[in-house]
Amino acid sequence: MSMLIVFLVVLAVVAVIGAPLRNRARGLDPDAALRAELADLEAAKEAKYHEIRDAELDQRTGKLSEADHRQLDGELRAEAIALLKRIDAVRARLEHAPAAGPEPAARPPAVG
Amino acid sequence: MAIVGRALLIVAFAVALYGIGASLYGAFAGGRAWVDSGRRAVYALAGVLTLAFAIMEAAFLRSDFSFNVVATHSSTTTPTFYKLTAGWSSQEGSLLLWVWLLSLWSSLALALTRRRVREVAPVATAVLMTFAGFFLMLTIFWANPFQTLAQPPSEGTGLNPLLRHPAMMFHPPMLYSGYTLFSIPFAFAIGALVTRRLNAEWIVSTRRFALAAWLCLGIGIVLGARWSYTELGWGGYWAWDPVENASLLPWLTGTAFIHSIMIQERRGMLKVWNASLVLATGTLAILGTFLVRSGILDSIHAFGASTLGVPFLILIGAMVLGSVGLVVWRRADLRSEHELDSLFSREAVFLLQNVLLVALAFVVWWGTFFPLISEVFTGSRASVGPPWFDKYVVPLAFVVVALAGVGPLVPWRRLTWASVRRGFAIPLAAACATWGALLLVPGAWARPKPAAFAGVAAFAIASVVQELWRGMRARQASAREPAPVALAGIMRRNRRRYGGYVIHAGFATLLLGVAISSSFQHAKDVSLMPGQSTRVDGFDIKYARATASATAEKIALGAVLDVSKGGRHVATLRTTRGFYPSQDVSQGIVGRFFGGESESQVGLRAGLGRDIWTVINPNLTPLTGVIDQGNRTFARAMTAILRGGGGQRSLDELYALRDQAIVAVAHRFVSEPWPADFRFIVSPLATWIWIGAIITFLGGLLALWPAPAAARRRVSAGYAARVARELARTTQ
Numbered sequence: 001m002s003m004l005i006v007f008l009v010v011l012a013v014v015a016v017i018g019a020p021l022r023n024r025a026r027g028l029d030p031d032a033a034l035r036a037e038l039a040d041l042e043a044a045k046e047a048k049y050h051e052i053r054d055a056e057l058d059q060r061t062g063k064l065s066e067a068d069h070r071q072l073d074g075e076l077r078a079e080a081i082a083l084l085k086r087i088d089a090v091r092a093r094l095e096h097a098p099a100a101g102p103e104p105a106a107r108p109p110a111v112g
Numbered sequence: 001m002a003i004v005g006r007a008l009l010i011v012a013f014a015v016a017l018y019g020i021g022a023s024l025y026g027a028f029a030g031g032r033a034w035v036d037s038g039r040r041a042v043y044a045l046a047g048v049l050t051l052a053f054a055i056m057e058a059a060f061l062r063s064d065f066s067f068n069v070v071a072t073h074s075s076t077t078t079p080t081f082y083k084l085t086a087g088w089s090s091q092e093g094s095l096l097l098w099v100w101l102l103s104l105w106s107s108l109a110l111a112l113t114r115r116r117v118r119e120v121a122p123v124a125t126a127v128l129m130t131f132a133g134f135f136l137m138l139t140i141f142w143a144n145p146f147q148t149l150a151q152p153p154s155e156g157t158g159l160n161p162l163l164r165h166p167a168m169m170f171h172p173p174m175l176y177s178g179y180t181l182f183s184i185p186f187a188f189a190i191g192a193l194v195t196r197r198l199n200a201e202w203i204v205s206t207r208r209f210a211l212a213a214w215l216c217l218g219i220g221i222v223l224g225a226r227w228s229y230t231e232l233g234w235g236g237y238w239a240w241d242p243v244e245n246a247s248l249l250p251w252l253t254g255t256a257f258i259h260s261i262m263i264q265e266r267r268g269m270l271k272v273w274n275a276s277l278v279l280a281t282g283t284l285a286i287l288g289t290f291l292v293r294s295g296i297l298d299s300i301h302a303f304g305a306s307t308l309g310v311p312f313l314i315l316i317g318a319m320v321l322g323s324v325g326l327v328v329w330r331r332a333d334l335r336s337e338h339e340l341d342s343l344f345s346r347e348a349v350f351l352l353q354n355v356l357l358v359a360l361a362f363v364v365w366w367g368t369f370f371p372l373i374s375e376v377f378t379g380s381r382a383s384v385g386p387p388w389f390d391k392y393v394v395p396l397a398f399v400v401v402a403l404a405g406v407g408p409l410v411p412w413r414r415l416t417w418a419s420v421r422r423g424f425a426i427p428l429a430a431a432c433a434t435w436g437a438l439l440l441v442p443g444a445w446a447r448p449k450p451a452a453f454a455g456v457a458a459f460a461i462a463s464v465v466q467e468l469w470r471g472m473r474a475r476q477a478s479a480r481e482p483a484p485v486a487l488a489g490i491m492r493r494n495r496r497r498y499g500g501y502v503i504h505a506g507f508a509t510l511l512l513g514v515a516i517s518s519s520f521q522h523a524k525d526v527s528l529m530p531g532q533s534t535r536v537d538g539f540d541i542k543y544a545r546a547t548a549s550a551t552a553e554k555i556a557l558g559a560v561l562d563v564s565k566g567g568r569h570v571a572t573l574r575t576t577r578g579f580y581p582s583q584d585v586s587q588g589i590v591g592r593f594f595g596g597e598s599e600s601q602v603g604l605r606a607g608l609g610r611d612i613w614t615v616i617n618p619n620l621t622p623l624t625g626v627i628d629q630g631n632r633t634f635a636r637a638m639t640a641i642l643r644g645g646g647g648q649r650s651l652d653e654l655y656a657l658r659d660q661a662i663v664a665v666a667h668r669f670v671s672e673p674w675p676a677d678f679r680f681i682v683s684p685l686a687t688w689i690w691i692g693a694i695i696t697f698l699g700g701l702l703a704l705w706p707a708p709a710a711a712r713r714r715v716s717a718g719y720a721a722r723v724a725r726e727l728a729r730t731t732q
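As you go down the protein sequences, you meet chains A and B in turn. Numbering of the first sequence is given in the numbering used here, commencing with residue 1 and proceeding in unit increments. Numbering of the second sequence is given in the numbering used here, commencing with residue 1 and proceeding in unit increments.
Simulated from the structure, these hints should not be mistaken for laboratory data. There may be inaccurate statements among the hints.
[To be verified] Here are a few chain A residues that face chain B, going by a calculated C-beta distance under 7 Å:
{"no.": "1", "residue": "A43"}
{"no.": "2", "residue": "A47"}
{"no.": "3", "residue": "R60"}
Only a predicted model underlies this, so the values are computations on that prediction, with no experimental measurement involved. The C-beta atom is built at its ideal place from N, Cα and C for all residues, glycine as well.
Extracted from the complex, chain A is given alone in its bound form (with noise of 0.2 Å):
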């Protein structure tokens, strides 16, 4: 009986590990630097984002002045323009470079 469990759990064991590798088209992605940096890219969007949100929740509650954050959420607006055309670019490389076979899209990140 306790040889026929560990032998069970050996076979699942086996078929949940194994599964990936019945598959062994999915080689190493010659994009995954690009996508890689686009994911980072992203990262950066979200919180900068998140950074603007900040500074109007500041402004709001009284921290910063609207002259200040006039100021300040024309910088951080400026700087969320850079990073939306830094992952324009990396896009366009990724659209013009060969077929990578089919990996999903990474998701952007969590606000909040």
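Starting from the known structure of chain A, arrange chain B on it as the hints suggest.
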């Protein structure tokens, strides 16, 4: 089932080794299929270890004394609730709990990040599986929970009485969850350093795990403190014990990390600092685990001397050298992208707070390891006590609490004089009002430190209340909602910010409770006969009557005490000392029921103003004569039965008589009472320690709880549209 358990540990070890190999091969040569297989190995490990853990727990529930760990840590008389927890009171069981929790949290982290941090995750998987492999190696070769006994005893030793406390059900799992959860940002940091993906993504993907680790470890520490306060019988909640300190170390550096990653996320700054902090936190988590198990430092919380020290030292050495090497190797990639805009900004406050928290951690580390350090340099062990810790920790904690109030008032990037006036006026007024009120309390200014602490705590709490109030008003103005709905709305939409503020208020409350209760505490040790009274801090405490009870589990001798003030009844306190039977037959047939381990049930009247705490320590010397007589009588009777060929029935009758005799002996404490020793403590505001902790953890939960995906998308989409409009304008 022990053989199945042992086999499962070996299977788990093999899975961990496979996970390391598959992940690294997949990352650097083999491709996604191997990476996915490595990740699935972590899921498989969690499944196998869940089964192994269930087998161990089932053995405890069935009182299967063929398992060595059950025979030495449980008994048939151990209540079912504590049978479930007895597993982690042993070295073997706690190691299995550690690696099981690691496998669960690792599975969760890798499942949630499977479509992100694709380059970093395989290396992180390998690191997490290395930890798992290390702990599995310990459980297989050093401390196997499935070790069996050739001749199982009919009764187990029982659970250490001190561990029969509800907090002990949750204290170790929470501590281990904290330690193992800190392994996740540690592993991802290693992955980020190895793969040079050192920007915000790995932090965004793992910060919730860092926060969850901080929360779990904090809850574990507070549960341990509560256990100490209500179970250990010395009246305190923190003794600067090495094991307590070991859990505090990663919590302190983890607190610093949770703050400083916000700066990296926003500004791309402090990358070296953050990498170093998270690597130090992960290493300190393992150091905490090592201290409990190695027996190198004396502690009431430790498992005692063991042979586990050497493998742990090798692991910690590898972690330290590897971490330092990686940070030095990648120093060029860790350069900051920006400079501090202003020394008067939230970033600067965070930085100062980080430095203080790390300084606190260093002080605690130095004091904890001082016995070993002194032994290396002088050849003899010298330890430092609470006064040494207080000397350095109190001023640092004072500034940390002040910064907990300053942080929420200061905007990111820059602070103007106008915003100082707007933000600081009310909190400073609250601090001054508190100091003014303390002038009216006789003797308060004779102890300036707690008085100063009270003012600073009031400043921090008032700053948070002000921020909540202003946020609520802003929301009311824009959404025209009633106040409670607006407050809930603003907190729901900004969980991380307001969760953090609530944590600050809770932490200030907790430290206020610590400062006041420890500084203005009145303690008295006294010996009383029933009917006698004593006075502590204006309270008259009368030893009303003695109590005694005897069950199969323990003999409990106690007291009922009436507390009054100015003739008015305040509380009735009940305290007992439980004596558990010893398995040592040399103590005699009756004597062994009084000669085992013992524990205290304190009498506590907790209130918002003050706690009245007492514990009894009954002196058993007056019972020595009657116990000896009982031992002789029953030994003679037992010999007569065995020589005369009396059957089991005769023995059962003898045991029934013995049980009656034990009840009669215990009852002498009531019928012929003698003086009992008591310790009385009156501590003002002690309850606020626990209230502060609860507020802190509720804030932590609020910050941790993810916003609904739809709400996140709405917020992001709103700002994206706004920036897109700006982009269109600038490119026209």
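Restraint outcome when A43(A) is required to lie within 7 Å of chain B by C-beta distance: holds (4 Å)
query: Quick one, is the A47(A) hint okay against chain B at 7 Å, beta carbons?
result: holds (4 Å)
- prompt: Taking 7 Å as the limit, does the beta-carbon of R60(A) come near enough to a beta-carbon in chain B?
  reply: holds (4 Å)
The structure fails none of the hints (numbered hints given earlier).
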